[in-house]
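Listed in order, the protein sequences are those of chains W and A. Residue 121 in the working numbering sits at position 131 of the first sequence; the count goes up by one each step and never skips. Residue 1374 in the working numbering sits at position 240 of the second sequence; the count goes up by one each step and never skips.
Just so you know, these hints were derived from the structure itself, not from any lab. Note that the Cβ used here is the ideal one computed from N, Cα and C, for glycine as well. It is possible that some hints are incorrect.
To be verified - Taking lysine-lysine and the DSSO-like style, the derived pairs with C-alpha atoms no more than 27 Å apart in a straight line are:
hint, chain 1, residue 1, chain 2, residue 2
1, W, Lys254, A, Lys1257
2, W, Lys24, A, Lys1382
3, W, Lys253, A, Lys1382
4, W, Lys226, A, Lys1257
To be verified - Covered stretches of chain W (in silico footprint by chain A; criterion: 3 or more residues with CB under 8 Å from a CB of chain A, positions within the stretch not fixed):
hint, stretch
5, 86 to 94
6, 117 to 126
7, 176 to 183
8, 200 to 211
What the hints assert, rightly or not - Here's a subset of chain A near chain W, in silico, CB distances under 8 Å, partners left out:
hint, residue
9, Ala1309
10, Thr1316
11, Thr1322
12, Gly1379
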Amino acid sequence: MIKPLLEVEDLNVTFRTPHRMVRAVRDISFTVGKEKVGIVGESGSGKSATGRAILKLTPGNGIVTAKRMQFEELDLANATEQDMLKVRGKRIGMILQDPKFSLDPVMRVGDQIAEALPPGLGRKEARERVLEVLQAVQIRNPERVYDLYPHECSGGMGQRVMIAMMLVPEPKLLIADEPTSALDVTVRMQVLAILDDLVSRRGLGLMFISHDLNLVATFCDRVLIMYAGRIVEECKASELRDAKHPYTQGLLASLPRIGERRKKLSTLVRDPAWAY
Amino acid sequence: MIEVENLVVRFGKGKAAMTAVDNVSFTVKTGEAFGLVGESGCGKTTILRCLAGLNQDWEGVIRIDGKQLTPKRERAFYKLAQIVFQDPYGSLHPRFTVNGTLMEPIKIHGLDRADERIDRVLKQVGLGPAFRFRYPHQLSGGQRQRVAIARALILEPKLMLLDEPTSALDVSVQAEILNLLTDIRDSTGLTFLLVSHDLSVVSHMCDRLAVMNHGQIYEELTVDDLVARRYREAYTRQLFEASLGYDKRLTTEQVKALDEAGA
Chain W
-9 MIKPLLEVED LNVTFRTPHR MVRAVRDISF TVGKEKVGIV GESGSGKSAT GRAILKLTPG
51 NGIVTAKRMQ FEELDLANAT EQDMLKVRGK RIGMILQDPK FSLDPVMRVG DQIAEALPPG
111 LGRKEARERV LEVLQAVQIR NPERVYDLYP HECSGGMGQR VMIAMMLVPE PKLLIADEPT
171 SALDVTVRMQ VLAILDDLVS RRGLGLMFIS HDLNLVATFC DRVLIMYAGR IVEECKASEL
231 RDAKHPYTQG LLASLPRIGE RRKKLSTLVR DPAWAY
Chain A
1135 MIEVENLVVR FGKGKAAMTA VDNVSFTVKT GEAFGLVGES GCGKTTILRC LAGLNQDWEG
1195 VIRIDGKQLT PKRERAFYKL AQIVFQDPYG SLHPRFTVNG TLMEPIKIHG LDRADERIDR
1255 VLKQVGLGPA FRFRYPHQLS GGQRQRVAIA RALILEPKLM LLDEPTSALD VSVQAEILNL
1315 LTDIRDSTGL TFLLVSHDLS VVSHMCDRLA VMNHGQIYEE LTVDDLVARR YREAYTRQLF
1375 EASLGYDKRL TTEQVKALDE AGA
């Protein structure tokens, strides 16, 4: 087997709150290779906390511990802030849910992408490179889009700009946290097609965090299902329908599906034992 | 129950004017569940807001329960039609208890037996009497949406306008709320107008639907026709296929089609 890009063993994320300690992520282990790994769960299951912990972007009241967190040759678990500066964006990129909040509203999108370029490029050269990446995310008129401000971009275009920006430093791993949840369905498919293409062409690893089971089942290669901070099940995306864990089965059964006329949807009966 | 004829809504003036709803007509029969589907900006919520009287600047004819509506509504209208909004975090007053929220319509309409009504409606939406004196921040998203539904039900309306009632909720909670709405419809014979971007939710809840884009109704069809893929419009097909999940081959085709359409 080829060595995975990222290996995580016994990752824990705990948040201090005024009243108690909240264990958002509990003893989870997983690997990500050059593939599309989906992390699915409901709100509060710890999927986003996992994504952030890998980049050490956990807020100040959070404590992250891990037996092992290895990204290529780098030991993330013991990496200093100084080390992380060389990793964030450059070797591990991150795409967040809403481009409206992740782009600088008073800067032209082209100039924002140019910030990600290595220093020392001339103005003209930098512009050329930006136009190239805009084209790589299938923006048809990159010259025009370069000069737009974020508020002039549609949601799908904004998200493509984000992806373009993340791609400039050619990261090995991309963490996408609900990258298409704010987008309309047809635009969503376009953005996914671009991500899919990039993963297969550039040999990226993609961690795809989502609440949408159906989407993950059809888009990813492998799926981790999280519940109450734990990975309760791991399976091939194509085999998600035959999931074994009652939580996964319950989630799947509670989804309305086109062409399946049921009077009532089955609801999830939570078993406290799942969390332990 | 609802008849809409040549509804037009414009926002802005002069050069900045845009037509949000462009000559839309449809009818919903009494007791029917009708879905309005489309992507963001297609005008589906605007139509709902016109029906609810929240948007008073429109042209055309709207009749509800046989009565032609003016942009400004009388109080009696709101006993007939009620609305449930998308975001249960934004639609409940944070400083009102559940009781306070439910008392409001009772006071406005001068109804009697307030306690009895509140207890009954809370039971109807599956919340016990213990919830009556809680604040919204003490409730989960699903419970809040139940309160919002209770607030709409307490006036015993004949028409329920639902604006993406489950899209802010987790799937397991969505199932509970959809089941609740099904129960309510079974027991009261309410007419539903459901606005959603999610074809699977609409196909689960509704009998008929209209597919909207760019402020117009592209096509109107029954859910049975949708399921059997008997749609006429390419746009409906696109929505349908996109809601089945990701398919690389189809998507590549779609990207091409969209590019050609200049989207």
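Results for each hint:
1. W:Lys254 - A:Lys1257: 19 Å, holds
2. W:Lys24 - A:Lys1382: 18 Å, holds
3. W:Lys253 - A:Lys1382: With a Cα-Cα distance of about 32 Å, the restraint between Lys253 of chain W and Lys1382 of chain A is violated, given a limit of 27 Å.
4. W:Lys226 - A:Lys1257: Violated, at roughly 42 Å.
5. 86 to 94: Since 0 is below three, the answer is violated.
6. 117 to 126: Coverage by chain A is violated for the stretch 117 to 126 of chain W (0 residues, Cβ < 8 Å).
7. 176 to 183: holds (count 7)
8. 200 to 211: holds (count 7)
9. Ala1309: Holds, about 4 Å.
10. Thr1316: With Cβ-Cβ at 6 Å, under 8 Å, it holds.
11. Thr1322: Violated - the Cβ of Thr1322 of chain A stays beyond 8 Å from chain W, reaching only about 16 Å at its closest.
12. Gly1379: 3 Å, holds
Consistency note: the structure conflicts with the earlier hints numbered 3, 4, 5, 6, 11.
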